Amino acid sequence: MQTTLAALAVITVGYILAYLVFDRLRDRFGYVGGAEYVIIGFLLGPRMTGLLGAAEVQDLTPIVSLALGWLGMLLGTYFRLPALARIDTSHLRIAFTEALATFGFALAALLALFHYVLGYAWPEAIVQAVTLAAVATLSSAAAVDALTRRHRPVSPLVPVLQFTARIDALIAVAAFGLLLAIFHQGQVSLTVRPPTATEWAVINLAVGVSSGVLFHLFLGPGRHSDEGQGSRLFVALAGAIVVASGASYYLNLSPIYTNLVLGFILANSGAHRDVTRLLLNTERPVYLALLIFAGAAWSPSSPELLFVAPLFVLIRLAARFAGGWVAGALSAPPVLRTPWLGRALLAQGGIAVALAVNYTQVRPDLNGDLILTATLVSVLLFDIVASREVSQLVSTTPEDGDLSRVNEGGGRELLTP
Amino acid sequence: MIRRLVVLVLLVGGAVLLEPLRAPTEGVIAPRSLFLFGILLLTADTFGAIAHDLRLPRLVGYLVAGLALGPSVSEIVPAGVLEDLGMMKRLAVGLIGLLAGAELRIADLRQRHRLILLVLIFQTAAVLLVLLGASLLLRDWLPFLKALSNDQMFFVALLFAVILTVNSPMVTLALLTETRAAGPLARTTLGVVLVADVIIILLFTGAFSLAQASLGGATAGAPEILLRLLREVLGSILAGGIIGGVLTLYLRFVKRELVVFAVVVVFATAAAAPALHFEFLLSMLVAGFLVENVAPVRAEPLVDVLHQAALPVFVVFFAMAGAELHIQEFAAVWPVVLLIAFARMAAIYGSTTYAGRLARAEPDVIRYGWTGLVSQAGVALGLATIVADRLPGVGLAMQAVTIGVIAFNESVGPILFRHGLLRAGEVTTP
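Heads up: the protein sequence lines correspond to chains A and B, in order. First residue of the first sequence? That's 36 in this note's numbering, and the numbers climb one at a time after it. First residue of the second sequence? That's 734 in this note's numbering, and the numbers climb one at a time after it.
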């Protein structure tokens, strides 16, 4: 009894301290993260008070898989084809150049780190490096969105940054999904020939597409905007996401990728604006629930962490700046040209944590703790500085009046589904 | 609806097709449980809509969905999967408890205290007496009473009657949320079932100790029983007070991410309850009640988010409750189950109507008050399980009949209560 009471006291005091610290950061720097929730999770988890033991943490899997799928589906719903078709080509060029360059730089550095410095064989090095490169590539539009809510009018860079953040997430999730398909883990039934890497990739896509088509049929054409309908839509969506995630886990594939495809199909099937609205409204609680779980599952024990986690932060910073420079200085039109594009894309957000948690679930044998620790350290640090960097970059670029010269299309529509 | 059912069949069929490619990491997660949990949610949502179209409460649809997929019928969702999802159900119970406590307004209790008290006293006494008498009369058909001596028979029958005295805060709240009913009948029923929950815990502990003693099991003396009882109830109230205090401070100083915070509080309480020996549901009820009625903050933001989260929580709870129903046991003893269920219903009807007249309640409360007290669900099932676990032999035999009666009340009760609310004109969203 005394242990339980002590555990509750530790959690309460820990939360209060974390809240006070991060609330100050919120006031001073416009901090948009949820580090205090990682701390709550860590304090609740088996490594600290043990109030949520390993078994209970495992019992939370339905909520966690829902959270992973929720974030994946939300990402998928951003890519509505009619809106994409109206995006200015310069925005597309900047976004894809930035995402691919950042991923490439991060991957090269991480491959070198895992293979040459840490001595892993190529397959293991590739799996870990691609995962962390995907995490490094991820950026979140949360800081940009927070800035636009506070100050209007804003720089023409804002829609570019928002779009680039989505493309970063798309590249990262696709890379991670393909990684799990190509380096597939687990033994299939003896009655069938084990699928090849390409076949796994196709199966992964097929699970997402068939889930999307089936749930389009399941949800039907009706509108779901009133309060009661909204709650029922929540139940149907939660069921859809859990089923799609369960199917992915069944095959040891990525539920985030599957739900991204599912979200893409629902968003493009016409009658599902309510789906996107609901996903957006619940994004924050879902993200925070994921942070709590990540904190509870966090077990920073390996000595490599002291070395790899800070190094990963540095690699991400360098890759982000390099990718931003390539996109902003070399491929952007004059009005959007800036060598510091990467500064405004430092925030990582929920999908980074989702990828790391997903990695610990499907590859627990290969440094799950290391990947989760590096990701959490990176997410927490970059979330602190992200808002300040965004406002500094945006304040040095011209105001929204110039936007019409750059983009007459539907970039904003894509971002406000 | 047919389209939805076809999609569900295709989903299950797709899972069967994927089975040979299955390569899950079972040690970390249970993909099968996860997949089937999703199917359960979608089926419950679909059956809920069908029930609504048939002018039945949605929760009847959730129960039927759970029953149809559960171990009793198709076994698509086997018992192991329900065990894997136990934490989800505890979360649902905690959130419902918090919401139920917050729905209980002190002003309503003050205004209707005489009526609530009279209904409580008469209902509890009538159901106990009628069921005790019925059990003794039907002893030859009740397998758990057959081989007992007269003393043992009396105390075991008393325990059986106490379990069947329990009402269902879950069903009441789910129906009130679904129908948005807020009139005298709704407020009286909510008051009765929530206060009755506390009384039943006391009665059950006493009856259980007496039955255990009569059967010759290891038991404690009367003072010790009373002390343990008081400690559990007072501990739950104290824990509820502390949780209410934490929620109040959060509402006062932070007031952000309320749904996430509520979920964390429920999880922490669920984890702490067994170690600190307090009753989880009761503590959440007390916490919700204190935040709404006593705390110097406005609790509306918390109550609003709990209301928004209520429907998914009810779907999870009732679908899982449906899946846990064992209708085979009902099938084996159905004549006696029906006799007992109707005797209980008659006792509730007579006692509530009389109490209503005595307290000069509104005519609709007198006429339909009994409809809200027929339902039984989680608490009664929990008590039946405790008896089965701790009194092997008698307990297991009793569980078959008890669960049969609870299953009947769980299915019929919500229909009756919805009908009562409709007739009383309190339903705002039919």
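Hints are computed from structural coordinates only; laboratory data are not their basis. A quick note: this is a predicted structure, and the numbers were derived from the prediction, not measured. Using N, Cα and C, we set each Cβ at its ideal position, and we do this for glycine too. Heads up, a few of these hints could be off.
[Unchecked claim] Quick list of simulated restraints, FRET-style, between CB atoms:
#, chain 1, residue 1, chain 2, residue 2, range
1, A, Val-370, B, Val-742, 52 to 58 Å
2, A, Ala-90, B, Arg-913, 37 to 43 Å
3, B, Thr-1118, A, Gly-139, 23 to 29 Å
4, B, Val-742, A, Gly-154, 49 to 55 Å
5, A, Pro-399, B, Ala-880, 49 to 55 Å
6, A, Pro-399, B, Leu-870, 37 to 43 Å
7, B, Gly-1115, A, Pro-399, 32 to 38 Å
8, B, Leu-1155, A, Ala-90, 54 to 60 Å
Structure-based check of all given hints:
no.: 1; hint: A/Val-370 to B/Val-742: 52 to 58 Å; result: 55 Å, holds
no.: 2; hint: A/Ala-90 to B/Arg-913: 37 to 43 Å; result: 39 Å, holds
no.: 3; hint: B/Thr-1118 to A/Gly-139: 23 to 29 Å; result: 58 Å, violated
no.: 4; hint: B/Val-742 to A/Gly-154: 49 to 55 Å; result: 52 Å, holds
no.: 5; hint: A/Pro-399 to B/Ala-880: 49 to 55 Å; result: 53 Å, holds
no.: 6; hint: A/Pro-399 to B/Leu-870: 37 to 43 Å; result: 60 Å, violated
no.: 7; hint: B/Gly-1115 to A/Pro-399: 32 to 38 Å; result: 35 Å, holds
no.: 8; hint: B/Leu-1155 to A/Ala-90: 54 to 60 Å; result: 45 Å, violated
When each numbered hint is compared with the structure, violations occur for hints 3, 6, 8.
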